[in-house]
Amino acid sequence: MSNKENALLWRATTLSDRWLILLSALLIGSLAVYLFRRPAGEEVIVERHNEIVLRLPLSRNQVVKVQGALGEVAVQVQEGRVRLLEYASPRMIGTRSGWISRAGAMVACVPCDILLRVTGENGAQTSTNGLDAISR
Amino acid sequence: MREMKSGWRVAVRYGFPLLMVALLVAALWMSPRGAQPQLHLHTRLLMGTLVNLTIGSVPRSQADQAAQQAFAEMVRIEEVMSSHRSDSEVSRINQVSRETWQPVSGELGLLLRQGLQVTTLSQGAFAMGLEPLTRLWGFSGNPPATQPPPSADLARWLQAYPSSGAIELRYLGEGAAALQESDQSTLQVRLKTQSVGLDLGAIAKGYAVDRAVAILQQAGIKDAVVDAGGNLRIIGSKEGKPWRIGVQSPRQQDQVVAVSQLSGNMAMVTSGDYERFFLYEGKRYHHIIDPGTGLPARSGLSSVTVQAPDATTADALSTALFVLGAEKGLSLLSHFPGSAALLITEEGKPIRSAGFVGEWLSVPQ
Chain A
1 MSNKENALLW RATTLSDRWL ILLSALLIGS LAVYLFRRPA GEEVIVERHN EIVLRLPLSR
61 NQVVKVQGAL GEVAVQVQEG RVRLLEYASP RMIGTRSGWI SRAGAMVACV PCDILLRVTG
121 ENGAQTSTNG LDAISR
Chain B
1 MREMKSGWRV AVRYGFPLLM VALLVAALWM SPRGAQPQLH LHTRLLMGTL VNLTIGSVPR
61 SQADQAAQQA FAEMVRIEEV MSSHRSDSEV SRINQVSRET WQPVSGELGL LLRQGLQVTT
121 LSQGAFAMGL EPLTRLWGFS GNPPATQPPP SADLARWLQA YPSSGAIELR YLGEGAAALQ
181 ESDQSTLQVR LKTQSVGLDL GAIAKGYAVD RAVAILQQAG IKDAVVDAGG NLRIIGSKEG
241 KPWRIGVQSP RQQDQVVAVS QLSGNMAMVT SGDYERFFLY EGKRYHHIID PGTGLPARSG
301 LSSVTVQAPD ATTADALSTA LFVLGAEKGL SLLSHFPGSA ALLITEEGKP IRSAGFVGEW
361 LSVPQ
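One line per chain: the protein sequences are A and B, in this order. Using my numbering, you'd call the opening residue of the first sequence number 1 and step up by one each time. Using my numbering, you'd call the opening residue of the second sequence number 1 and step up by one each time.
Hints listed in this document are in silico derivations from the structure and should not be mistaken for laboratory results. Where hints are given, some of them may not hold.
Stated by the list, open to error - What follows is a list of derived Cβ distance ranges for each label pair:
id, chain 1, residue 1, chain 2, residue 2, range
1, A, 53, B, 171, 45 to 53 angstroms
2, A, 85, B, 59, 34 to 42 angstroms
3, A, 27, B, 143, 55 to 63 angstroms
4, A, 53, B, 346, 36 to 44 angstroms
5, B, 252, A, 53, 17 to 25 angstroms
6, A, 76, B, 144, 46 to 54 angstroms
7, A, 72, B, 163, 47 to 55 angstroms
8, A, 53, B, 75, 37 to 45 angstroms
9, A, 53, B, 155, 42 to 50 angstroms
What the hints assert, rightly or not - Chain B regions said to be covered by chain A (calculated; three or more residues, Cβ under 8 angstroms):
id, region
10, 43 to 53
11, 270 to 283
Stated by the list, open to error - Some residues of chain B that are not near chain A, with every Cβ distance over 12 angstroms (derived):
id, residue
12, 56
13, 79
14, 116
15, 162
16, 171
17, 190
18, 292
19, 314
20, 325
All C-beta atoms, glycine included, are put in the ideal place defined by N, C-alpha and C.
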């Protein structure tokens, strides 16, 4: 848009129009950010035998050990993510799950009877590849 | 010049708000939250696996309450049917001397009857009396076994295991047709020899899934996926669209090789040689045991996925088909209306029965 056209547009609008445009743009921008943002988790809940034994904020880096059915289980929180770090389990499937961070994501060590679940505003999730479940 | 100025004024007055509204609608329509149905996910560690309940189309409070009831039912079933719990009804039956008739609850009796039908039709490929053998192999041990049991022990078990009638049921009341879940005194079970012990590991999880579905339906849930470690059943749909269920690759655990789009009512259960196994001297030993040999089944298959109207049947059939192999297994399916299967050979080749709902992915995801 040329300077002439800009000047024309400025003269063609009233103060109320300009306020309306500014507020509308802010509203649309805020809504877009809110709607497109994927919910990050707020804290991780550590459950043993389906009972909550620990709540850890994802905002604080730390390694915490909890007692699992087969011994100590190390849970690592780092930069808003969490993972099962190490534990005594025959096949170590839980550690292969890697980091989780999104609300609703979870990782478990079944032999240890330990479940990590990231909480947040959206408790439901669809599994990877847009699948609702995997038959295995 | 005045006309041009007036045109701009009209455009700004009316066009800009309309544009804003259009953008807002587009943002809502395109956003992930706008596109995703509201699902409520509940998870528990039960029956030695991760159980997920995905519930749709109802308020969170209703989903929460229904999920708690469904989990409670699965806990109850585990308490009755687990052979790993010393206080379960199954363990009580296993502890008494053989060749004696023992009372059995109507619920367990009905499940045994259903399982024995599969045993008969599969000519013993599916068996519920293998507890002594599975204990020998130790796949569920703590820690799990890393090498096969001594061959002498296996030979002893094989010699003592009856070729037929390992588990017998009898009715003292009006007969099988009148049997109710609440009956406590009309049904008895007898295990033939010490080499026979109840192990419902190939059917009870499916039964628990079915019971969880029944509880959810009683609570007014119409759309849900009940997934007990990959043994699953769907009801309804995901806001009018089919649920998308993957079939795990037998050799690459982070990939799926097929996707089924299911709605209405359908169970889907997979048995594979990759679930519990160990490698010993270069050979894979997995947990699906062939009762005819006492060894891990070698039927040329690496996984079997069965679809059926209920998860109990699908669970039992997936094991039976795995043991029987492709030809006899597909023949067995004809006895079970509404059932279908996807078999994956050890070479990774898919074999589909008629009626299997799903798409084989040429490039696994």
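The hints, checked one at a time:
no.	hint	verdict
1	A/53 <-> B/171: 45 to 53 angstroms	47 angstroms, holds
2	A/85 <-> B/59: 34 to 42 angstroms	38 angstroms, holds
3	A/27 <-> B/143: 55 to 63 angstroms	59 angstroms, holds
4	A/53 <-> B/346: 36 to 44 angstroms	42 angstroms, holds
5	B/252 <-> A/53: 17 to 25 angstroms	34 angstroms, violated
6	A/76 <-> B/144: 46 to 54 angstroms	26 angstroms, violated
7	A/72 <-> B/163: 47 to 55 angstroms	48 angstroms, holds
8	A/53 <-> B/75: 37 to 45 angstroms	19 angstroms, violated
9	A/53 <-> B/155: 42 to 50 angstroms	46 angstroms, holds
10	43 to 53	holds (count 8)
11	270 to 283	holds (count 3)
12	56	9 angstroms, violated
13	79	14 angstroms, holds
14	116	25 angstroms, holds
15	162	33 angstroms, holds
16	171	35 angstroms, holds
17	190	34 angstroms, holds
18	292	26 angstroms, holds
19	314	9 angstroms, violated
20	325	20 angstroms, holds
Hint check: violations occur at hints 5, 6, 8, 12, 19; the rest are consistent with the structure.
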